[in-house]
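Undergrad: Chain by chain, the residues run as shown.
There are 4 protein chains.
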Amino acid sequence: MKYIPQSQNKIGKTMIQVFITGGTFDKEYNFITGELYFRDTHLKEMFGLGRCTIDIDIKTLMMVDSLEMDDEDRNIIVHNCRKSKSDQILITHGTDRMVETAKILAAANIEGKTIVLTGAMIPYAFGSSSDGFFNLGSAMAFVQTLPPGVYIVMNGRYFDWDNVKKNRRTGNFEEMQFLD
Amino acid sequence: MKYIPQSQNKIGKTMIQVFITGGTFDKEYNFITGELYFRDTHLKEMFGLGRCTIDIDIKTLMMVDSLEMDDEDRNIIVHNCRKSKSDQILITHGTDRMVETAKILAAANIEGKTIVLTGAMIPYAFGSSSDGFFNLGSAMAFVQTLPPGVYIVMNGRYFDWDNVKKNRRTGNFEEMQFLD
Amino acid sequence: MKYIPQSQNKIGKTMIQVFITGGTFDKEYNFITGELYFRDTHLKEMFGLGRCTIDIDIKTLMMVDSLEMDDEDRNIIVHNCRKSKSDQILITHGTDRMVETAKILAAANIEGKTIVLTGAMIPYAFGSSSDGFFNLGSAMAFVQTLPPGVYIVMNGRYFDWDNVKKNRRTGNFEEMQFLD
Amino acid sequence: MKYIPQSQNKIGKTMIQVFITGGTFDKEYNFITGELYFRDTHLKEMFGLGRCTIDIDIKTLMMVDSLEMDDEDRNIIVHNCRKSKSDQILITHGTDRMVETAKILAAANIEGKTIVLTGAMIPYAFGSSSDGFFNLGSAMAFVQTLPPGVYIVMNGRYFDWDNVKKNRRTGNFEEMQFLD
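Residue numbers (our numbering), protein chains in the order written: chain A, 1 to 180; chain B, 1 to 180; chain C, 1 to 180; chain D, 1 to 180.
Everything labelled a hint here was simulated from the structure, so no lab data went into it.
One should not assume that every hint holds.
For chains that are exact copies, the list does not tell them apart, and a pair is met inside one copy or across any two.
Simulated crosslink set (DSS-like; lysine-lysine; CA at most 30 Å straight-line) [claimed, not checked]:
#: 1; residue 1: K166; residue 2: K44
#: 2; residue 1: K103; residue 2: K165
#: 3; residue 1: K83; residue 2: K166
#: 4; residue 1: K83; residue 2: K59
#: 5; residue 1: K113; residue 2: K83
#: 6; residue 1: K59; residue 2: K113
Produce the entire structure from the sequences given, and follow the hints as far as they go.
TA: Here it is as structure tokens:
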């Protein structure tokens, strides 16, 4: 039996829920202090440039560096995923603690929803060197096709929440074990 | 039963085959004549910027505007899809005749392979206004997750080869009928 | 005796007049037809990104490809240069007929004004590959420092109106003769 | 008497000397640490994109943040300006201590040379948001037209070394006094 992605299911078609939490993805360069900071999200502009015609509901939950995310922030994410009417949820998130948030979302046991976390190693505002636009395209596709569960989407791939770690040296995500 | 995408299947894991045929995706601006033309593909650079860690084999089949694609060109595409050792094939293609090539690929009845065609409305070389990088991310994800068949990936979505047309007014791809 | 650029002359300090006429500088890519066209000028945005703090008055005279510029267009340019209250005038212009317009401006014998024509080989809208932002920076500097007269500013240089031609093969501007 | 810029003087024509010292201009984003750092200079690429046809000699003296520049670094800059065969010298420099270096260069009393310092508020590597390309165009033009002396070129303007300060709040350079 083929898994029928919900957004292609014409009866009761729903939109994709996008939750913004911050992360490198949405950072800007402050030319006075030389530091990175958050202003507004770029997600809406990015979906426009991607000429995306899917029905999307974007909601900014917070704008934080994932290193500074605390339990309350994660509760807000879990709460919003649970109460969203969509079964396809895309979350932008800092890469440093993306795996931790994925675990907490999995532990929350939210049934029947495909939840995809993605991010960027280089801010979208830094132009064509950023991986953000590519990752957003991947995440949009995976959230429409993967079965319910919690996933991380980076480096053109998806990873199950319980079998992924960020390689701190390369910045890439990897499976934890390569057992067959 | 869950469909197991091949690239995540550890036993007999294979790479993704990328075929380049040209299209707006890879066009450049000729500053002498003011016209668009083809030089080299940008795909390799794009996978690098996307920090893509999937095993990919890129092969340029041709560099043409799809409006100028003829039967011989399409035969080359079909032949290469058939003989590729990969079961996941991503083809970059001009958007004007993408649907026609998809139909020919479907008619060729290539068994057991997921074939995804993607392109861009604005050349990648034109910087951040291009939809190419987003589409490439989407296409990479869909080719790993969709069941065998022929698909078009544009506008953050996938379309079955037999239910899609390009809207010449908006430049977007649409399903031909919205019957439930 | 040192020539005192007007914009640095504190008594009776005036602004720089910027006239927009179109040219490759301000062209956009039409993703439906695949052709280049004019929409709005990018000049205001560019002065903002250049963090330019000089008092500037921007006026769009026309938005045309210089190959399609006729006598009436040139009369409009001459008329506006003559009546502008500023003695420092920067004109954005297509490169193909820039030399012709410079000659007509010189023949108009507008006294006491430094008039600089500049343009781009690649549209500003095509991102970081464009020479437009660099040329605008050069033109802004030359218009403040050169003595009254008519000049073309391209390739990091200025050229006297009566000793310059565009090399159709390379796209670069050159002096017509290199006699000492 | 009109001041004849040297690069336009056909007898004994010399090239422009470009000295690189670092600064925000040439900073990169380290996607592992999230910090800015120096790798290679972008100047050569920038002159290429600017389609600059002037004879230029580029030399990297150092790659430092101007806040970390010490007396020895400034001695190296003075020494190289003095011994350069060119009478037109462009120096890329961090903006925070640009005025201090300009003062030291002026005190060194290097005769017959036009020395222009320029920089950027946003790294060139951050794409089209950077002011670097515009500033480079301006600096190239001013160094060819200003009489011998030491100048700062930012915000589309030039400033005499002894009448300029950086406004720490806005990031813009300003004259210290607006006396007539």
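Undergrad: It remains to establish, for every hint, whether it holds in the given structure.
TA: Hint-by-hint comparison with the structure:
1. With identical chains, the CA atoms of K166 and K44 are at most 30 Å apart both within one copy (27 Å) and between copies (24 Å).
2. Taking the shortest Cα distances, K103 and K165 sit within 30 Å of each other inside one copy (11 Å), while across copies they are farther apart (41 Å).
3. Taking identical chains as interchangeable, the C-alpha atoms of K83 and K166 lie at most 30 Å apart only when both belong to the same chain, with a minimum of 29 Å there against 36 Å between chains.
4. In this homomeric assembly, K83 and K59 come within 30 Å of each other (Cα to Cα) only inside a single copy, at 13 Å, whereas the closest approach across copies is 46 Å.
5. Proximity of K113 to K83 under the C-alpha cut-off of 30 Å is restricted to the intra-copy arrangement: shortest distance 11 Å within a copy versus 38 Å between copies.
6. Taking CA atoms no more than 30 Å apart as the test, K59 paired with K113 passes inside one copy only; the shortest distance there is 17 Å, against 37 Å between copies.
Of the hints listed earlier, there is not a single one the structure fails to meet.
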